[in-house]
Amino acid sequence: MEFNDNLPIYIQIMNLIRSKVVSGEIGGGDRLLSVREFSKQLKVNPNTIQRTYQELEREGLVFTQRGKGTFVTEDLETIRNLKRDMASAIVENFMLKMKKMGFNSEDIVQIISEWIEEER
Amino acid sequence: MGNIVEVRNLTKTYSNNKALDDIDLDVEAGKVVGILGPNGSGKTTLIKILTGLLRQTRGEVAIEGQQVGTYTKSIVSYLPDRNFLYDWMKIDDACRLYRDFYSDFDESKFESLLEFMKLERPMKIAALSKGMHEKLNLSLVLARNAKLYVLDEPIAGVDPVARDQILDAIINNYSRNSSMLITTHLVRDMENLFDDVVFLNDGEIVLEGNAEALREERGKQIDDIYKEIFGE
Numbered sequence: 001m002e003f004n005d006n007l008p009i010y011i012q013i014m015n016l017i018r019s020k021v022v023s024g025e026i027g028g029g030d031r032l033l034s035v036r037e038f039s040k041q042l043k044v045n046p047n048t049i050q051r052t053y054q055e056l057e058r059e060g061l062v063f064t065q066r067g068k069g070t071f072v073t074e075d076l077e078t079i080r081n082l083k084r085d086m087a088s089a090i091v092e093n094f095m096l097k098m099k100k101m102g103f104n105s106e107d108i109v110q111i112i113s114e115w116i117e118e119e120r
Numbered sequence: 001m002g003n004i005v006e007v008r009n010l011t012k013t014y015s016n017n018k019a020l021d022d023i024d025l026d027v028e029a030g031k032v033v034g035i036l037g038p039n040g041s042g043k044t045t046l047i048k049i050l051t052g053l054l055r056q057t058r059g060e061v062a063i064e065g066q067q068v069g070t071y072t073k074s075i076v077s078y079l080p081d082r083n084f085l086y087d088w089m090k091i092d093d094a095c096r097l098y099r100d101f102y103s104d105f106d107e108s109k110f111e112s113l114l115e116f117m118k119l120e121r122p123m124k125i126a127a128l129s130k131g132m133h134e135k136l137n138l139s140l141v142l143a144r145n146a147k148l149y150v151l152d153e154p155i156a157g158v159d160p161v162a163r164d165q166i167l168d169a170i171i172n173n174y175s176r177n178s179s180m181l182i183t184t185h186l187v188r189d190m191e192n193l194f195d196d197v198v199f200l201n202d203g204e205i206v207l208e209g210n211a212e213a214l215r216e217e218r219g220k221q222i223d224d225i226y227k228e229i230f231g232e
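Quick mapping for you: the protein sequence lines, in order, are chains D and R.
Following this note's numbering, the numbering of the first sequence begins with 1 at its first residue and continues without gaps.
Following this note's numbering, the numbering of the second sequence begins with 1 at its first residue and continues without gaps.
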């Protein structure tokens, strides 16, 4: 994996795991790769993966069972909230860019409606 | 966990030329530290002092609390930036050489490294490609149960497949009880392995710190910071 964002590696890996959980690629209750396995797969320092898991645990997205590994939360509410937060972030970014280009809210609604219409 | 390496006010002069100028450096146990800098910045001089191949002009160097000498050599495993094996040897001879020289050489670890690198004992050193040489040398160096691994340009000039195998071997060897000091100018390829980085220029440390903290602080990857410091 290439890490090109201007962000610390552990945050980029957190984002990777978040999007896999939200998309359902990793399900609630699934075990994540061990620190060692994941660090080999991504070719990053094991301490970085450790940090990633700690931060995700602090957010409540994963939990650790001593001797068994790190698991994705089984609380669907947490995953739904994460999904909503990630959607808000995308929309916020989108709205910012559209307004910068000079579109008002009505224009944006129209553009989106047309887009959805075409997609059907 | 404490420091495996402690360097204080380290200076090395060659006639009038300062190769290292008043360097302070700590390497904590369990850390992988990248020493970054262009050719002639003092990386190899620093490594040669740590491995006992050169003596400093001034300053203190302690490894596990001991001055560089016979004891520290027994706990430091060094990968030089050039081939150090004889052409007449086979891989098996190289293994025996290491077994005789280093009491911490772990032959079963060497065996699994060889297998991982797809190398075999009957192979002749003279017939190995550049990438295979590098993989063999690294296998010998990592097969020692050392406290400090010093790797000088471990991926210089090898193809991408060999490079990935080398990076994997380094990650596999990671341990909380030992440390690694790695020099490279291929920063992009190696930066994700480092806990801490040290930028050396003209014998001085111009920037150092935790790699993730530097990325956060500067909004850049280490490779970009490298280009910023040494570019133009």
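I should point out that these hints are in silico values taken from the structure, not numbers from a laboratory.
Take the hints with a grain of salt, since some may be wrong.
[Stated by the list, open to error] Example chain D residues on the side facing chain R (calculated, C-beta under 7 angstroms, incomplete):
| hint | residue |
| --- | --- |
| 1 | N6 |
| 2 | P8 |
| 3 | I9 |
| 4 | Q41 |
| 5 | K43 |
| 6 | V44 |
| 7 | P46 |
| 8 | N47 |
| 9 | Q50 |
| 10 | K83 |
[As the list claims (entries may be wrong)] Quick list of in silico lysine to aspartate or glutamate cross-link-like pairs, DMTMM-like style, CA-CA up to 25 angstroms:
| hint | chain 1 | residue 1 | chain 2 | residue 2 |
| --- | --- | --- | --- | --- |
| 11 | D | K99 | R | D195 |
| 12 | D | K40 | R | D100 |
| 13 | D | K97 | D | D75 |
| 14 | D | K40 | R | D87 |
| 15 | R | K118 | R | D223 |
| 16 | D | K97 | R | E111 |
| 17 | D | K99 | D | E77 |
| 18 | R | K48 | R | E120 |
| 19 | D | K43 | R | E115 |
| 20 | D | K43 | R | D195 |
| 21 | D | K43 | R | D100 |
| 22 | D | K97 | D | E74 |
| 23 | D | K20 | R | D104 |
| 24 | D | K40 | R | D92 |
| 25 | D | K40 | R | E6 |
| 26 | D | K40 | R | E120 |
| 27 | D | K68 | D | D85 |
| 28 | D | K83 | R | D159 |
| 29 | D | K68 | R | E60 |
| 30 | D | K40 | R | D224 |
| 31 | R | K118 | D | E37 |
| 32 | D | K20 | R | D159 |
| 33 | D | K68 | R | E6 |
| 34 | D | K20 | R | D224 |
For glycine and all other residues, C-beta sits at the position ideal for the given N, C-alpha and C.
For each hint, the structure was consulted:
1. N6: Since chain R brings a Cβ to about 4 angstroms from N6/D, closer than 7 angstroms, the hint holds.
2. P8: holds (4 angstroms)
3. I9: holds (6 angstroms)
4. Q41: With a minimum Cβ separation of about 10 angstroms from chain R (threshold 7 angstroms), the hint on Q41/D is violated.
5. K43: Since the shortest Cβ distance to chain R is 5 angstroms, the answer is holds.
6. V44: Constraint on V44/D satisfied, holds at 4 angstroms.
7. P46: It holds, given that the least Cβ distance between P46/D and chain R is near 5 angstroms, below 7 angstroms.
8. N47: holds (6 angstroms)
9. Q50: Result: violated, 11 angstroms to nearest chain R Cβ.
10. K83: violated (26 angstroms)
11. K99/D x D195/R: violated (41 angstroms)
12. K40/D x D100/R: violated (32 angstroms)
13. K97/D x D75/D: violated (34 angstroms)
14. K40/D x D87/R: violated (33 angstroms)
15. K118/R x D223/R: Judged against 25 angstroms, a Cα distance of about 31 angstroms means the pair is violated.
16. K97/D x E111/R: violated (57 angstroms)
17. K99/D x E77/D: violated (32 angstroms)
18. K48/R x E120/R: violated (30 angstroms)
19. K43/D x E115/R: holds (20 angstroms)
20. K43/D x D195/R: holds (13 angstroms)
21. K43/D x D100/R: It is violated: about 33 angstroms lies between the C-alpha atoms, which goes past 25 angstroms.
22. K97/D x E74/D: violated (36 angstroms)
23. K20/D x D104/R: Judged against 25 angstroms, a Cα distance of about 43 angstroms means the pair is violated.
24. K40/D x D92/R: violated (28 angstroms)
25. K40/D x E6/R: Distance of about 29 angstroms is beyond 25 angstroms: violated.
26. K40/D x E120/R: holds (24 angstroms)
27. K68/D x D85/D: violated (30 angstroms)
28. K83/D x D159/R: violated (41 angstroms)
29. K68/D x E60/R: Cα-Cα ~45 angstroms, so violated.
30. K40/D x D224/R: Within the cut-off at roughly 24 angstroms; holds.
31. K118/R x E37/D: Measuring from Cα to Cα gives roughly 20 angstroms; hence the hint holds.
32. K20/D x D159/R: violated (32 angstroms)
33. K68/D x E6/R: violated (37 angstroms)
34. K20/D x D224/R: violated (28 angstroms)
Checked against the numbered hints given earlier, this structure breaks hints 4, 9, 10, 11, 12, 13, 14, 15, 16, 17, 18, 21, 22, 23, 24, 25, 27, 28, 29, 32, 33 and 34; the rest are met.
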